[in-house]
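Protein sequence lines, in the order shown, are assigned to chains A and B. Read in order, the letters of the first sequence correspond to residues 1 to 228 in full-length UniProt numbering. Read in order, the letters of the second sequence correspond to residues 1 to 130 in full-length UniProt numbering.
These are calculated hints, taken from the structure and not from any lab test. We put the beta carbon where it would ideally sit given N, CA and C, even for glycine. Please note that a few of the clues may not be correct.
Stretch-level coverage of chain A by chain B, calculated; a stretch enters the list once three of its residues show a Cβ under 8 Å from a Cβ in chain B [said to hold, decoys possible]:
(1) 33–46
(2) 58–71
(3) 75–86
(4) 124–132
(5) 153–162
So the chains spell out like this:
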Amino acid sequence: MTLAATVGNLAAHTTTTTTTAAESQGFLSPTGVEIAFLLVGLVTFGAAVVTVTTRQLVHAALWLVVALGGLAVEYLLLTAEFIAWVQVLIYVGSVVVLLLFGLMLTKAPIGRSPDADSGNRWAALTVAGAAAAALVWVVVDAFRTTWIDLDGPAAGSTEATGASLFQNWVLPFEALSVLLLAALVGAIVLSRKAKADAARTAPTAGAERDTRAALAERDTRSDAEGAR
Amino acid sequence: MHLAYPAVLSALLFCTGLYGVLARRNAILVLMSVELMLNAVNLNLVAFDVWLSKAAEETLHSGQALTLFTIAIAAAEIGIGLAIVLAVYRNRGTSDIDKLRDTAEGHEPDGPDTDAPATGPAAEKAEATA
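Extracted from the complex, chain A is given alone in its bound form:
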């Protein structure tokens, strides 16, 4: 059983005394899943805020791990197990590592860097605040009376996700593999040295030298064999 299902069972046991049907749910009687979602959501949001405001670059990447892991827990609470583990594997496992390597390769300063934020910080804060206010208002107003039914079989179990992915979404899936291949080739092309000629001649010369040395060694060895 999933984490969300167990939490849901727990909540169902605690709330059966007060609520019996789905219609009587409300803001003032949050279920256990909602409380867990709220707490993990607060942690996630706090980590995201620290990620975009801290002045230590490596700490930003590490707080991003907390934010993305919190989102994985939210997926688990929403009974989307497969997405949750994919999130942990790809984001926490590889994207953050890539970002840390990028910070390392661009010689990011360790410790506080005073110029992490640019001059348009207050404009950015205004835009983000306005967008947040508008989005939250619209979303809350639109979905005030909508509840997700988390009981029953999990909506995002590996079986359900795999069945829908390979029954209905095969063509986009294959196109995605082509896109990943293109991205791989593009990353290789972008990260090669600009002067490819100078870089190309040197290793081939070395390789020629190596093959010549190997040939000479083989000749001497065959000579020794013949002499014996």
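Chain A is already provided as a structure; the job is to place chain B on it using the hints.
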């Protein structure tokens, strides 16, 4: 679960990422903020897919499939983005996006016809690495 909880969290995370994209100066921090925005969209997709898979008769699980596609595309995007940032860093000696103003209009020190980078250390670095 009330649908407003994941929707509000997703909106807040998206706006946090928006602030980061607009306010950060290091290109890698901007990429981190873009990741936050993409994750906010993923949370929205998953929440609405779970809602619709119980509310609708037939479902294609399109929200979760799209989430997987978004995750894969985000991984490709971060790879390409980091390759671009590293190439810029190798050529200019900086990953500070406020200093990369070659295509900005009305910016005097490096006009469109001077191909050498404007600032002294960056120029030296470019010559050293080229």
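Against the structure, the hints:
no., hint, verdict
1, 33–46, "holds (count 7)"
2, 58–71, "holds (count 6)"
3, 75–86, "holds (count 8)"
4, 124–132, "holds (count 7)"
5, 153–162, "holds (count 4)"
This entry satisfies every hint, going by the numbered hints stated previously.
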